[in-house]
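Asker: On the provided structure of chain V, position chain D as indicated by the hints.
Sequence lines, in order, name chains V and D.
For the first sequence, our numbering gives the first residue as 1, with consecutive numbering after it.
For the second sequence, our numbering gives the first residue as 1, with consecutive numbering after it.
Rather than coming from a laboratory, the hints here were simulated on the basis of the structure.
Computed from a predicted structure; not experimentally measured.
Listed next, the in silico DSS-like pairs over lysine-lysine satisfying Cα-Cα at most 27 Å (straight line): (1) V:216 / D:41; (2) D:157 / V:233; (3) V:75 / D:51; (4) V:373 / V:147; (5) V:63 / V:256; (6) V:412 / D:157; (7) V:420 / D:51; (8) V:114 / V:359; (9) D:41 / V:63; (10) D:157 / V:414; (11) V:163 / V:300; (12) D:157 / V:409; (13) V:75 / D:41; (14) D:41 / V:414; (15) V:148 / V:184; (16) V:256 / V:148; (17) D:51 / D:41; (18) D:51 / V:216; (19) V:53 / V:63; (20) V:184 / D:157; (21) D:214 / D:188; (22) D:201 / D:100; (23) V:233 / D:72; (24) V:76 / V:319; (25) V:184 / V:163; (26) D:41 / V:76; (27) V:412 / D:72; (28) D:72 / V:414; (29) V:240 / D:157; (30) D:51 / V:76; (31) D:41 / V:420; (32) V:414 / D:51; (33) V:240 / V:147; (34) D:72 / V:409; (35) V:412 / D:41; (36) V:240 / V:409; (37) V:159 / V:174.
Covered by chain D, according to a simulated footprint, are these stretches of chain V (three or more residues, beta-carbon under 8 Å): (38) 63-71; (39) 87-100; (40) 182-194.
The C-beta atom is built at its ideal place from N, Cα and C for all residues, glycine as well.
Next come the chains, spelled out residue by residue.
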Amino acid sequence: MKKLILLFVILAFITTFAASTIELIFWTHEDPNRTPLEEKYIQEFEQMYPNVKITRVTYPSGKIAEVILTAFAAKKGPDIFNMEIQNEYPYILNGRVAPINLEAIGLKSYDELKELYIEGALEPVTYEGEIYGLPLELTNWAVFVNKKYFREVGLDPEKDYPKTWEEMMEVSEKLVIREGEILKRRGFDFRYPYYFTFFLPMVEQLGGALISEDGKTAIVNDEAWLKVLRFMKEWGPNGKNLGSPTYTNARKTFNKDNNTVTMCLSGLYQIDRIRAQNPEFYESGEWMVVPYPVFENAVKDVRCNYYGHYYMVNAESSKEKQYWAWKFINYMLSHPEDYLLNVGLIQPRKTLIESDTFKNYPYADVFIEDMKKSHSVPLLANGPQFEQLIREAVEAVMLTDTTPEEALKILKEKANELLKEEW
Amino acid sequence: MKSLERKKAVWGFIFVLPAIVFFIIFNFYPMGYAFWISFHKKNLISLRPPKFVGFSNYIYLLQSSSFWNSVKATAIFALGTFVPIVIFSLIFAVLISTRKRFQKFLEMAYYSPAVLSSVVAATIWFLMFQPYGLANQFLNFLFNTNNIDYKWLSSEKMLVLATIIVYFWKYVGYYTIIFIAGIASIPKSVHEAAIIDGAGKWQDFLYITLPLLKPTTLLVSIMSMIQTLRTFSTQYFFVQSGAPIKPIEVITLNIYNTAIRDMRVGRASAMSIILLVIIMFFTYIQFKISRTEEISY
Numbered sequence: 001m002k003k004l005i006l007l008f009v010i011l012a013f014i015t016t017f018a019a020s021t022i023e024l025i026f027w028t029h030e031d032p033n034r035t036p037l038e039e040k041y042i043q044e045f046e047q048m049y050p051n052v053k054i055t056r057v058t059y060p061s062g063k064i065a066e067v068i069l070t071a072f073a074a075k076k077g078p079d080i081f082n083m084e085i086q087n088e089y090p091y092i093l094n095g096r097v098a099p100i101n102l103e104a105i106g107l108k109s110y111d112e113l114k115e116l117y118i119e120g121a122l123e124p125v126t127y128e129g130e131i132y133g134l135p136l137e138l139t140n141w142a143v144f145v146n147k148k149y150f151r152e153v154g155l156d157p158e159k160d161y162p163k164t165w166e167e168m169m170e171v172s173e174k175l176v177i178r179e180g181e182i183l184k185r186r187g188f189d190f191r192y193p194y195y196f197t198f199f200l201p202m203v204e205q206l207g208g209a210l211i212s213e214d215g216k217t218a219i220v221n222d223e224a225w226l227k228v229l230r231f232m233k234e235w236g237p238n239g240k241n242l243g244s245p246t247y248t249n250a251r252k253t254f255n256k257d258n259n260t261v262t263m264c265l266s267g268l269y270q271i272d273r274i275r276a277q278n279p280e281f282y283e284s285g286e287w288m289v290v291p292y293p294v295f296e297n298a299v300k301d302v303r304c305n306y307y308g309h310y311y312m313v314n315a316e317s318s319k320e321k322q323y324w325a326w327k328f329i330n331y332m333l334s335h336p337e338d339y340l341l342n343v344g345l346i347q348p349r350k351t352l353i354e355s356d357t358f359k360n361y362p363y364a365d366v367f368i369e370d371m372k373k374s375h376s377v378p379l380l381a382n383g384p385q386f387e388q389l390i391r392e393a394v395e396a397v398m399l400t401d402t403t404p405e406e407a408l409k410i411l412k413e414k415a416n417e418l419l420k421e422e423w
Numbered sequence: 001m002k003s004l005e006r007k008k009a010v011w012g013f014i015f016v017l018p019a020i021v022f023f024i025i026f027n028f029y030p031m032g033y034a035f036w037i038s039f040h041k042k043n044l045i046s047l048r049p050p051k052f053v054g055f056s057n058y059i060y061l062l063q064s065s066s067f068w069n070s071v072k073a074t075a076i077f078a079l080g081t082f083v084p085i086v087i088f089s090l091i092f093a094v095l096i097s098t099r100k101r102f103q104k105f106l107e108m109a110y111y112s113p114a115v116l117s118s119v120v121a122a123t124i125w126f127l128m129f130q131p132y133g134l135a136n137q138f139l140n141f142l143f144n145t146n147n148i149d150y151k152w153l154s155s156e157k158m159l160v161l162a163t164i165i166v167y168f169w170k171y172v173g174y175y176t177i178i179f180i181a182g183i184a185s186i187p188k189s190v191h192e193a194a195i196i197d198g199a200g201k202w203q204d205f206l207y208i209t210l211p212l213l214k215p216t217t218l219l220v221s222i223m224s225m226i227q228t229l230r231t232f233s234t235q236y237f238f239v240q241s242g243a244p245i246k247p248i249e250v251i252t253l254n255i256y257n258t259a260i261r262d263m264r265v266g267r268a269s270a271m272s273i274i275l276l277v278i279i280m281f282f283t284y285i286q287f288k289i290s291r292t293e294e295i296s297y
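Isolated chain V (complex conformation) (with noise of 0.2 Å):
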């Protein structure tokens, strides 16, 4: 009987003990400057609360927007996550994220958030008077150069640096290595398949946009289009082969300097992962951040898109859950300085860019020169969707026999379609 009593003991003390255990699961993009980072917050978060038990589990950028929909779609996603903002923004839309919990984070009003941060910043995740996340990054792209292979083509890296997408092609001519039609070198290359970031900028600057002002219309002026679309053709395997959304990533390689390319399109963070990959040729010197191109005959002077990563709380997850994955990504986000120094992110909140440490940070005020120039990519129900098209239309005039004119025509007509689409 004793022994009864005593086993019922332990399980009520079991039972009573993990109900008042809150397990948050957290799942987030590979990045590793940012794991060590975030692994000590969540020690910390924990030993100050020991009731609360954190898991971060992390996906290739590549895959995290698949698995989280999947997860979504099942009803199983985990209690906080963050994506690009183009695909979280139709889980905002569906209902699927819960506002932000401001006694969580230990403010009064929206005002109060908002104030916190430069203008703008919590526009992509405010919906109907409710704001949905908090900012990780804001990033956007410059172009990182390897000074030491301009020099060996008799270039001066400071002065013959590309300014627009023609001297681009021109500059990868002269910096380009071959063996027969074999290419071993790589002057620049895109950032495929971001091309909501990188392609939509371009076709922007020669007065082309994806959806009309009123709304009602997807791919405008098509002479922009056209001309991107030829430029990229002329870019690719088929025309000078200057690069290929089928060849190693350039902002991979790049870190290495084992001489396969020269220039990439990249954030911020990527000094960060060139001083932790490699820290010789970050020491060196030979390597430089100059802004993003623009076309010689552009109407307007746009920079490359910039994105942003916001941390999201799951809808469905308990309300004691929700409070406690707020309180925990404001714990995690109110180190900004600690993300910059240690992962390159920046954190748009007004006390990090307003500091020295921001200001006095490697080529900081190239990406916030080119950043004032730049808006978000574009926000919509079925923005994945849309960038999918362009990318498809892209890789086939890159890739295969389809002219520009094909591509555009499949293009709009696809694009139209979408955008009629009712949900």
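Answerer: Chain D alone, transformed into the frame defined by chain V:
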């Protein structure tokens, strides 16, 4: 006697019951749900209930150029893959069966790619199809050319060929093993009788082995055709890695993109039902032929 038979039947049913339950939950239920949802409009992440739309998903697909492009891509891939697979797996099986040494080793060597994950296989081959990869080096050696880029991933025809090669490499060993089993099931006495009657090795193969292998050949050809209609991993991986989608957007890839990228579950389900009908049609043919071609010794 009757009660014993009855008992046996009951126990037999009890033993297969778990498999039946498993099949109902994991096969029949999803199939039934896919059929039901194919008549609805449903956004994958929306919490709104599906909206009944009748046959409009099917009508849309039958009028969609993207769907017909997928049918074409699937047909090209299926035909381009299953014909060489049947021919070469038969040749390899005969070569292995007639060897006196290393038979088991060769069987294992041919079969080994089939146990590899499809994504791993596609990754290995994707690297080989890069301009500096082994595929270009091999063709340059074969045609005695110098550093020519045969554009494995940047020309429509070469891209289709590349996906066919990956699939062929991965599965030819699997079908070779089926043929080896078929060859082994032919009684030796039949070959011996032919040799006593004066048949040579070639005649023995042509007039004894080949006709008696007809059911296996049919089985392999139809099995491989059905499998090729369901191909997905290689095309998915290649497209994810930057290859153009149009030439290799097989039906399964289109289903995946429609459901996961476009979030249109109803339309994707309608496409999967059409694919199911196509596969059932070939399965029906398989049953018809296998019944008429049974061989007894």
